[in-house]
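S.K.: Guided by the hints, dock chain B onto chain A, whose structure is given.
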Amino acid sequence: MTRNRFSARGQVAIAGYAQSPITRHANVPLGALAIEMALAAIADAGITKEQVDGFATGALFPSAGGQQPIDGVHIVTSDWLAEHLRVQPRFLSGFQGVGQLPGAVILAVNAIATGAADYVLVHRAMYNPPQRYHENPMVQATGADQWTAPHGFWGPPTQMALAYNDYLQRYGAQREAMAAVVTEARRNGSRIPWAHWYGRPLTTDDYQAARMIADPISLLDCDIPVTGVGAFVLTNAGRARDLPNRPVYVGGYAQARWRSANRIDCLALDDIYEGGAQLARSLWEHAGLSGSEVDLPQVYDGFSPLVYMWLEVLGYCPRGEAHRFVQNGGIQTDGGLPALSGGGALGSGRMHGVPQMLECYLQLSGRAGDRQLPSAEVALACQAIPNFGGVVVYTAAP
Amino acid sequence: MHTAFLPGFAALVPYVVATAELDAQPGLQMTARLLDGPEAALAIGAGVETVFEDVAESVSIPAFRLTGR
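Going down the list, the protein sequences come from chains A and B. The first sequence maps to residues 1 to 398 in my numbering. The second sequence maps to residues 1 to 69 in my numbering.
The shape of chain A in the complex, shown without the other chains (with noise of 0.2 Å):
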């Protein structure tokens, strides 16, 4: 149809899978709790871990606290992980942009579609260090940094409040709507064993006393900082249909970097939504569908607003409406749409888009459990940000 339409539609898939418990700290150092969950995906695969020949991740530490992180500590590599599993792979990769995730599991499908590589192991790693998360010592700054840090602008919870402050007074929007979200998100994520909120929901009320850190964005809507593995094992579709699993197909994808020159703070309202929607107009022509196709969009909520920002740029609302939708119920997983089915960010800890790769495998694949919807043939997962991240779209069929 046109250039942009993935070749390689269906012809790879998820074949199985390995989430850690998601907790503030861990009681074994992060590169252990990576070799635990990369050989718990290989046996869920079907698979002995001599037949991965592969390796993805995007290992970003995202503190701003400024800390040189060290490989199989606060970040896992491909290469560790693969040299401490005593393998010897063909393809080892490290996606180093934003949208960790999406970007790995291209990694992935690109080496499996052109055969550099047979199974490849997609892994994230995220760790929680035991100071404030973006609390950074430097008493001089250097470098892009002159430009913020003197000024007190500092982390992703600041550079967001610009954008979602832009967003609340352009649309008339109340704080207070969002609620709906997190509440949502929480609900979700409580009845995921291995979540860090398992057991715990949020009420609204909860929501709204929570501490401002960066005007309009509290506490609340951001992510709580994680410990935490998930792995995954993809594969072609032929031999994904030889192995225990229902394999999940990858159906395209689409990354972005987009933002308007001149401008120090990445996160402007304008950038997102001219970047968002180039990122889903090359998402609907890759995978070759529209977002009305889609029955289980799990879009990214790393910080709250995010989550109107994906719900508009991929259409799910008009621009400006999302606030109206979720107060609505346009979210919630009985009857609206189920966009944080699997508990987000906001439901589950800081785990950088797992949680919507994996909601999508588990439904598509028909292993979410009590949880499973009863009807999940295309599903997307999103991360980051949609000027700044990636999505990548899940089908139940090749």
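Quick caveat, the hints were computed from the structure, so don't treat them as lab data. Check before you lean on any hint, since a few could be wrong.
Said to hold, decoys possible - Across the chosen pairs, the derived CB separations fall in these ranges:
id, chain 1, residue 1, chain 2, residue 2, range
1, B, A41, A, E293, 44 to 50 Å
2, B, A40, A, R211, 20 to 26 Å
3, B, P14, A, A32, 39 to 45 Å
Said to hold, decoys possible - If the Cβ cut is set under 7 Å, some of the chain B residues that face chain A in the computed set are:
id, residue
4, F9
5, A32
6, L35
Owing to the predicted nature of the structure, the values given are computational and were not obtained by experimental measurement. Think of the CB as a built atom: it goes at the ideal place given N, C-alpha and C, for glycine as much as any other residue.
M.R.: Then chain B, alone, in the frame of chain A:
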């Protein structure tokens, strides 16, 4: 800002940071503290002027103040 992520800002909380477009070059934006404080009537599009704060011996940094335009 209700949280100080950097040294030296704890005593200033809550403080306001703003991004302003420069008259001299439309599209060019700059971020700085807005000295009018969180109780000021703040609206996107409000006019600001640049002033300088002396934060240490021989260190001055730009800040914004509302102009009322």
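S.K.: Determine for every hint whether it applies to the structure shown.
M.R.: Now for the hints, and whether the structure bears them out:
no.: 1; hint: A41/B <-> E293/A: 44 to 50 Å; verdict: holds, 47 Å
no.: 2; hint: A40/B <-> R211/A: 20 to 26 Å; verdict: holds, 22 Å
no.: 3; hint: P14/B <-> A32/A: 39 to 45 Å; verdict: holds, 42 Å
no.: 4; hint: F9; verdict: holds, 5 Å
no.: 5; hint: A32; verdict: holds, 5 Å
no.: 6; hint: L35; verdict: violated, 11 Å
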